[in-house]
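Residue numbers (the numbering used here), protein chains in the order written: chain A, 1 to 286; chain B, 1 to 288; chain C, 1 to 375.
Among the hints, a few may not be true.
To be verified - Pairs of lysine-lysine residues, derived as DSSO-like cross-links and limited to a Cα-Cα distance of at most 27 Å, are as follows:
no., chain 1, residue 1, chain 2, residue 2
1, A, LYS62, A, LYS108
2, A, LYS180, B, LYS3
3, B, LYS3, A, LYS181
4, A, LYS108, B, LYS275
5, A, LYS181, B, LYS100
6, B, LYS93, A, LYS181
7, C, LYS187, C, LYS177
8, A, LYS108, A, LYS181
9, C, LYS187, C, LYS73
10, A, LYS180, B, LYS93
11, C, LYS123, C, LYS187
12, C, LYS123, C, LYS73
13, B, LYS233, A, LYS251
14, A, LYS180, B, LYS100
15, A, LYS62, A, LYS180
16, C, LYS368, C, LYS256
17, B, LYS3, A, LYS108
18, C, LYS177, C, LYS123
To be clear, the hints were calculated from the coordinates, so they are not data collected in a lab.
Computed from a predicted model, the values in this text were never measured in an experiment.
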Amino acid sequence: MLINKASAPFLAGYRLFIVAFFIFLAAPLLAAGTFAFNDSLFPALPWRGFTLDWFFNDTEPKLGMFHDRRLLRGLYYSFVIASIVALLSVFVGTCNAFLFVRCSFPWKNFFYIVMVVPLVIPGVILGISILALASNLANSVENSIGWDLGFLRPGILLVVLGQFSFITTITSLVIAARLKKFDQTMEEAAYNLGAGRARVLATITLPYLRPALIGAGIVAFLVSFENFNTTLFLVGSEAPLTITMYDRMVKVGSTPVLNAVSFFLMVGSALLALISVLVQRDPKSG
Amino acid sequence: MNKDIRRLTLILLFTPFALWIVLLIVIPHIGMFILSMREKVAPRVFEYGFGNYIEFANEPIYWNTLLRTGSMSLLVTAIALIIGFPVAYYIAKIAGNRTKGALFLICLIPLWVSDLIRAFGWILLLRETGVVSSSLQWLGLVDGPIEFLYNDVTVIMGLVYTVILFMIVPLVSTLDGMDNAMIEAGYNLGGNGFTVLRRIIVPYAMPGIVAGCIVVFMLTAGSYLTPILLGGKNSSWFTEQIYNQFITRYNWESGAAFGFLLLAFTSLVVWLGLKLSGQTLSSTVARS
Amino acid sequence: MASNTGGDSVQHDLECSGVSKRFGSVQAVDDVSLEIPRGSFFSILGPSGCGKTTLMRMIAGFEEPDAGDIRIKGASVLGTLPNRRNVKMVFQHLALFPMMNVFENIAYGLRCAGVAKADIAPKVRAVLERVALPDVAEREIHQLSGGQKQRIAIARCMVLDPDVLLLDEPLGALDLKLREAMKIELKLLQHQFDTTFVYITHDQSEALVMSDNVAVMNDGRFEQVGAPQTLYHEPASAFVAGFVGDTNRWSGTVTKAGRGQVRAETASGLAMVCDARGGATPSAGDAVEIFVRPEFINVETGAGKSGRASATTNRLAGTVDSLLFNGANSRVLVRTEAGGLIEADVVLTGGTGDLRPGDDVRLTWSAKQTMCFAG
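Full structure from sequences and hints, please.
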């Protein structure tokens, strides 16, 4: 359409480049997924036949992921952490969206930049700064009063806080983008028809924001689930899945059970991403 | 409507924001800075000064690593832009309506897959016993197994792979907002493909380009998994140094100093990038 | 402000007295007073930025006036929250709730008012019948046509039985044909509901066609309030004369003043006898604005001299510059000897007798129809 001056060979070359790019995108994901079904002790060629053992088998050496205690525990912790982070960050993100879209206050532009900044701070640094602060706090409390504040030691709380610290920026931006498109006369119309503030919020504004809230929640959930850099420094004994997998990869070496987990996660993420696309699609903007 | 209600609303909305930023961003970073200024001279005895930074400056390995991380990150950013721009342009302007959505979705799906899994996939493809090596042997192109992992080219490729989506997404949304008539007018007024690209498309897409570059650069410089897993123990990535100081050597003071240096260094590069392109943080990153 | 407790104020659905509102350095509404009798169709007509929307928002309660009082059915509503006022509003872009269907949109206000569940459905059905859309209750908003949305927005307000219905340029978003149809329909709906409608618009034809009374607003003030015919034929100011209806307009100077009539010469040198309007008769040497509506100018073919204007009739000679064919509303543009263009209504039958560009013509119009205002 828009390369009307381009010659046919150029266009063909361009298409080829695009196809090559998407193959490049898909290759490692395919590799990670496919070997989950290879009936072999190693995730490598040659192909020894199709099996579901790496998901469901309950004996060593081919212990399937659904019988692997540590992996299941990691999955569970990841799920718990991601759920808490998603709820918290959607809540604070909604507040931020209202703050920056609806309110006017001095230094607003400055604060807006401050809100965006956590997204561009390397995750490793977020991790160590929160770790250092929490540990210092815990140490000084212990030294002065003698209380051992265990929750300030690496563990679920710190992981949640660390992930929350930058995921909130993402949810704020997603929700604020939708709130900006909201036609405020809709709220005035509701007031005019006799609704009070709380009712307007519950029946008009929040339903309008709902797709963005769900979408932001899913994004937050997934980003939390797959986060590694920040989590690495804050993790205690309750290791989430990515950390468990990494340990396994480095210490035990890769086995097809990791491929099985990868496949499982990819399918899960794809499903959630699909849901978020579906809810965010307007039925027909009218 | 009512002044008191307005003020109350403002306070109620500002509180979570302030708590989040102050408790989780500002204070930890100040704390990290203070920590980085502290030196252990004896058990439980500390001195404050630039010791950790001086140590960094005196040890070529450290600052070489930082420079290496920075320059490789810039290279990755440039490659991601060069590959990502045509892809984004194809998705935004050339693909038909239905393919467009599908391609964009395909672009997003790897975004939702953990770094770890992506790196794992590359390992399975590229290691000595991996798919590429076996295939080449099977085809008879090479005699013995080849190790593709643990070299800089692989690390750069892996990093480009990890971050390129963050380049494509803002570019697609910027280019999508561009009126096709503008490009057509460019041709109509006698421009050739190159001048239209340089004079019309690139200036229009500048906020998206800058946004993509900032995010990609920060993500690359701050990445940990990809260089470690694809580059091996000797990948010399700066985040690895931070990890070593913190976790392996339990030297938090110099770890904090390293963290602060990484932050300062990347912020400096981003600031320079914004200055050179005449954009601001809120006009770019916040839009994507 | 002392509230009028007398019986005479009760017959007015809506009264404003001395209402003012300032935003920063802009005086949006400046000492506006109005009284709207029960059951009438009242329009506020003005160019964009004249303050009409601010006035309406104060009536609805979204803004508080700096000074003055607003009374609905005789009772002051200052300090009453917008959701407690029985004034309903149809918004410019209607603001129908897209996440609810038609039924829920209409039921919204009833639910807010705490109407019993069993009573809601019959009320909604009744109001839908009255706007002649009995079958759309289960439709989604985006499935409605522009005209249907319009009527649903009105039904959503009318189901609450408001004292006053405010309409903020609701026809602005419609295409021309539908807009013409909706004008008539709105007027009929107003008759049927027998409720006071206050209609805001910048489109003078909407205001003239539908209203019992029109207030022309400019720069935060009411220039004139009156029936459409009065505004058209007896404008009180140069602004009203220029804003309401099409007109030829010149700036000129009075050469000779008389009793109620003055002789004036325009900047381009046209001399004419004018009827002094706006209350005051200007004296010789004063600057004036002169208005003549195209339908009052008579066009005759044939060459002639620009005659001296008689006491009652103005005459001008010119050549046809171009024809603006628009069916029954066709116009001709005549170039005068002095060089300016004058618009006049003509009948173009399509026959051989029609005017053609280049024809010499004589223009005559009565001095009574030549309105002049002190500039």
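Quick rundown of the hints versus the structure:
1. A/LYS62 <-> A/LYS108: violated, 58 Å
2. A/LYS180 <-> B/LYS3: Answer holds: A/LYS180 to B/LYS3 is near 23 Å, not above 27 Å.
3. B/LYS3 <-> A/LYS181: With Cα atoms ~25 Å apart, B/LYS3 and A/LYS181 stay inside 27 Å; holds.
4. A/LYS108 <-> B/LYS275: holds, 22 Å
5. A/LYS181 <-> B/LYS100: holds, 23 Å
6. B/LYS93 <-> A/LYS181: holds, 24 Å
7. C/LYS187 <-> C/LYS177: Measuring from Cα to Cα gives roughly 16 Å; hence the hint holds.
8. A/LYS108 <-> A/LYS181: Holds, at about 19 Å.
9. C/LYS187 <-> C/LYS73: holds, 22 Å
10. A/LYS180 <-> B/LYS93: holds, 26 Å
11. C/LYS123 <-> C/LYS187: holds, 22 Å
12. C/LYS123 <-> C/LYS73: holds, 24 Å
13. B/LYS233 <-> A/LYS251: holds, 14 Å
14. A/LYS180 <-> B/LYS100: With Cα atoms ~25 Å apart, A/LYS180 and B/LYS100 stay inside 27 Å; holds.
15. A/LYS62 <-> A/LYS180: violated, 53 Å
16. C/LYS368 <-> C/LYS256: With a Cα-Cα distance of about 16 Å, the restraint between C/LYS368 and C/LYS256 holds, given a limit of 27 Å.
17. B/LYS3 <-> A/LYS108: holds, 19 Å
18. C/LYS177 <-> C/LYS123: violated, 32 Å
Going down the numbered hints, you'll see the structure goes against 1, 15 and 18, while the others check out.
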